[in-house]
Amino acid sequence: MIQFAQQHHSRLNVFISAQRKSIAETLYEIYLWRELVQFLVWRDLKVRYSQTYVGLAWIVIQPLVSLILFSGIFGKFMKIPSDGLPYPVFVVSGLVLWNFFANGMTNAASSLVNNANLVTKSYFARLAIPIAAILSSLVDFLIALVFAVIVVRYFQTPLSPKMLIVIPLVGVTFLAACGAGFLLAAVNVIYRDVKHIVPFLAQAWFFASPVIYSTNLLPPGYRMVMALNPMAGVIEGMHWSLGTTNDPWPMIGIAALVSVALFAIGILVFNRLEGRFADVV
Amino acid sequence: MSYDHTTFEPEVAVTVNDVWKRYSRQKRMTLSETITEYGRAIGKRITGKGRSEQRDDGVFWALKDVSFTINRGEIVGVVGNNGAGKSTLLKILSRITPPSQGTVRFSGRVGSLLEVGAGFHPDLSGRENIFLNGAILGMSKREIVGRMDEIIDFSGVEAFIDMPVKHYSSGMYMRLAFAVAAHLESEILLVDEVLAVGDANFQRKCLDRMSNVAKSGRTILMVSHNLTAVQSLCQRTLWFEGGQLRGDGRTADVLNEYLKLSSGIDGIPLKTWDRSNAPGDDKFWLERVAIYPAGGQPGDPLDIGSPFQVEVDYANEIEDADINVTWTVHNAEGILLCDIGTWDSRPTRARGHYRETCFFPADLLNEGPVYFSLQVIREHELAYEMPRLISCELLDSVNGRHGWFGHWPGVFRPRFPWTIAKLDKP
Chain A
290 MIQFAQQHHS
300 RLNVFISAQR
310 KSIAETLYEI
320 YLWRELVQFL
330 VWRDLKVRYS
340 QTYVGLAWIV
350 IQPLVSLILF
360 SGIFGKFMKI
370 PSDGLPYPVF
380 VVSGLVLWNF
390 FANGMTNAAS
400 SLVNNANLVT
410 KSYFARLAIP
420 IAAILSSLVD
430 FLIALVFAVI
440 VVRYFQTPLS
450 PKMLIVIPLV
460 GVTFLAACGA
470 GFLLAAVNVI
480 YRDVKHIVPF
490 LAQAWFFASP
500 VIYSTNLLPP
510 GYRMVMALNP
520 MAGVIEGMHW
530 SLGTTNDPWP
540 MIGIAALVSV
550 ALFAIGILVF
560 NRLEGRFADV
570 V
Chain B
259 MSYDHTTFEP
269 EVAVTVNDVW
279 KRYSRQKRMT
289 LSETITEYGR
299 AIGKRITGKG
309 RSEQRDDGVF
319 WALKDVSFTI
329 NRGEIVGVVG
339 NNGAGKSTLL
349 KILSRITPPS
359 QGTVRFSGRV
369 GSLLEVGAGF
379 HPDLSGRENI
389 FLNGAILGMS
399 KREIVGRMDE
409 IIDFSGVEAF
419 IDMPVKHYSS
429 GMYMRLAFAV
439 AAHLESEILL
449 VDEVLAVGDA
459 NFQRKCLDRM
469 SNVAKSGRTI
479 LMVSHNLTAV
489 QSLCQRTLWF
499 EGGQLRGDGR
509 TADVLNEYLK
519 LSSGIDGIPL
529 KTWDRSNAPG
539 DDKFWLERVA
549 IYPAGGQPGD
559 PLDIGSPFQV
569 EVDYANEIED
579 ADINVTWTVH
589 NAEGILLCDI
599 GTWDSRPTRA
609 RGHYRETCFF
619 PADLLNEGPV
629 YFSLQVIREH
639 ELAYEMPRLI
649 SCELLDSVNG
659 RHGWFGHWPG
669 VFRPRFPWTI
679 AKLDKP
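The listed protein sequences derive, respectively, from chains A and B.
This note's numbering puts the first residue of the first sequence at 290, with every later residue one more than the last.
This note's numbering puts the first residue of the second sequence at 259, with every later residue one more than the last.
All the pointers check out, no bait thrown in.
Stretch by stretch, here's where chain B covers chain A in the computed footprint (C-beta under 8 angstroms, at least three residues): (1) 304-314; (2) 333-344; (3) 411-423.
On the chain B side, residues computed to face chain A include the following (Cβ under 10 angstroms): (4) W278; (5) S358; (6) R367; (7) L372; (8) E386; (9) F389; (10) G396.
By construction, these hints were calculated from the structure, which means they are not laboratory data.
Positions of the beta carbon are idealized from the N, C-alpha and C atoms, including for glycine.
Given these sequences and hints, build the entire structure.
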C-alpha cells in the first residue's frame, strides 16, 4: 500500500529513484498539480481564440458546417435512416461528443511535443500537459452542447430528463480521450510518426462510430463487436436520450469498461516512456 | 518517484545516494527500426539463440556512482568541464530525467531554476505569464497572488504588465522572468547557469538576490561555469569529471585542484626539446620554454591577482655572442599587449647554457588567454621568430569585484593606487 506525504505540496520531501510511478501515485500527483492544469487549460483556450476574428464562434461554426454537410449528403441525398429522428438531430447529438473525443485526443497527441521547452526545463506532473489539452476540448464541448440543444429544439424534438445521461457519457468519453491521448502523446515524443498517424486514426475511428449512421444498419451480432469502440456506446446513449428505441445499456456498459481500461493503459504507457521525454523530445 | 514522509536527520537537506545515469549514444531509432528490433529479439527468444548478446556498444554513463549529502543552509557550487555530468546531475535532482539507478532524497521544499521564463507565452500578458510561470515552478495560486505586487515591482515593467509579452523588449522579458523566479520560496534551491544572461546591471541584480537567498539560510546547489561567482557565493564545491565526483570540499581547495588540471588543457605552459629536434641552428638552439606562477610549476593555474614568470632556456655556441631574446605577448583577439626583453645594456654571452626569466607582476593583465611569441635577435638581425610558442589562461579573481561577476572590460586590469579624500568645502 502506498502512503503519501501529509503535506499538500509536491515539492516537499521528494524522493527520487529509478522506479516508475503506479497509477495511484500518478493520479495523486496530478491532483497536486491541479492548479497548473487549470492555468494550462486557460492558456490553451486564451491562445487558441484570442487572435481569431470571430473568437469563440469557431467552437460553433465547426460543428455547424459538419452538420450541414452531413445532413445534406447523408441525410437528404443518401437518405441514411436515423431511427425516426430528424437526421440533423441524430447527427448533432453524436457529433458534439465525437468532436470532444477527437479534438481532445488529437490535441493531447501533439501536446508534449508542442511543450517541449517545458518538459526539458522544468519538472511538474507531465500528465498535466495532455490532460489540459483534453480539458480545453471539454470547454469547447460545453459550448458546442448549447448549440446542439438549439438544433434539437429547432427540429422540435422534445427535451426529456433522459438527456441527463450526457453527464456520465461525457465522463466515459473523457476517460477514453485521456487513454488514447496519453498513449499517443507519449509515443509521439519518441516517434514523430504518430503525428502523421493521428489524422488517419481519427478518421477511421469516426467511421467506426455511429455518428452519421445508425447501429441498426449493422447485422445484429456486430453491435457488440462495435461496442468495443467506447464511442459507439456513448453515441448510442445520446441517440437513446432523444427517443430512439434501442436499449443502449449493454453498449454503454462495455464502453465504460473499455474506457477505464484504455485510461489505465494510457497512464501505464505514459509512465513507462516518461523517463525518456526530456532526453529525446 | 514517490512522496516520502520518513523523518530525516534534521540537518541534512539533500542526500544523493549511488546515482548512475545511462545514455544511449546510438542515433534515435525510427519506428520501423524499433519494430524490426523487437521482432528480432522475439525471434531470438523463440529460437533460444544469441541470448547472451548484449547490445551495449552505444551506451555511455553520464553519471557514475555519485553520492554526496548537503546540509541545511549550505551553498554548494558544482563545477566541471563540458560533458562532466553537471547538467545531468541537475536534471536528475530537478526530476526532469530519472536516474538509471540510485536515489535522491530531499528534506524540505525543493525549487529548481534551470531556465527563467519557462512556459512564457508571447500572446499572454505579463501578469498572465506570472501566473503560468509561477504555476510551472510549483507555486500555488495563493502564493502567486500574494506576491504579485512584489514580483511586478521587482521586474520594473509595471507600466506594461497587462500587455502581451511579445511586445516586450528582450530586456523587459528577462527582467519579468527573473522576477518570478526570484520569488520562488523554497528551502532547497537548484540553480543552473541562469546568471549568464542579461546585461551587467541585470546580472548584478540576480546575484544580489542570490546572495540574499543564501544569507537567509536556505540550501542552494548551483551549477556554473562562472568560477568567480562560485568562488564568492559557495563555501563548498563539487567537482565532476567524466560523470564522477572528482572533488568535494572547500571551494578554494577544490577550485585550485580543478584549475590545475583544466588550465593545462587551455594553454601550453611548457615545451622542452632535446638537441635533435630543438628549434635553432648549430650555434644556437632552444632547450625549454615555460610559464608558471611564482612559487609554482608549469601547469599550475594562473590568475590575474598573482605574479607569474616566463622562462626561456637556450644554448649558445658562439663566443661573445650578441643575443637578444624578446617576448611578444598577445591576447585572444590578437591585440599585442606588450613586447618585452631585458632592460639591461645587453651583455655579450660566453658559450654555454642560459636561462632568461621575465617576471610579470600581479594585477597587470586582464583575464583570458595570453599567447607568448619568441623573437631571437642575433648580431642586430632577427634570427628566429616563433609565434605563439607557449600560452596560458589567466583566470579571473574575486578581488575588487564587490559582488559583481560580469565581464570586466579592457586588456589590462591594473590596481593602481587610488585615494578617496573628503574635501572640506561648503
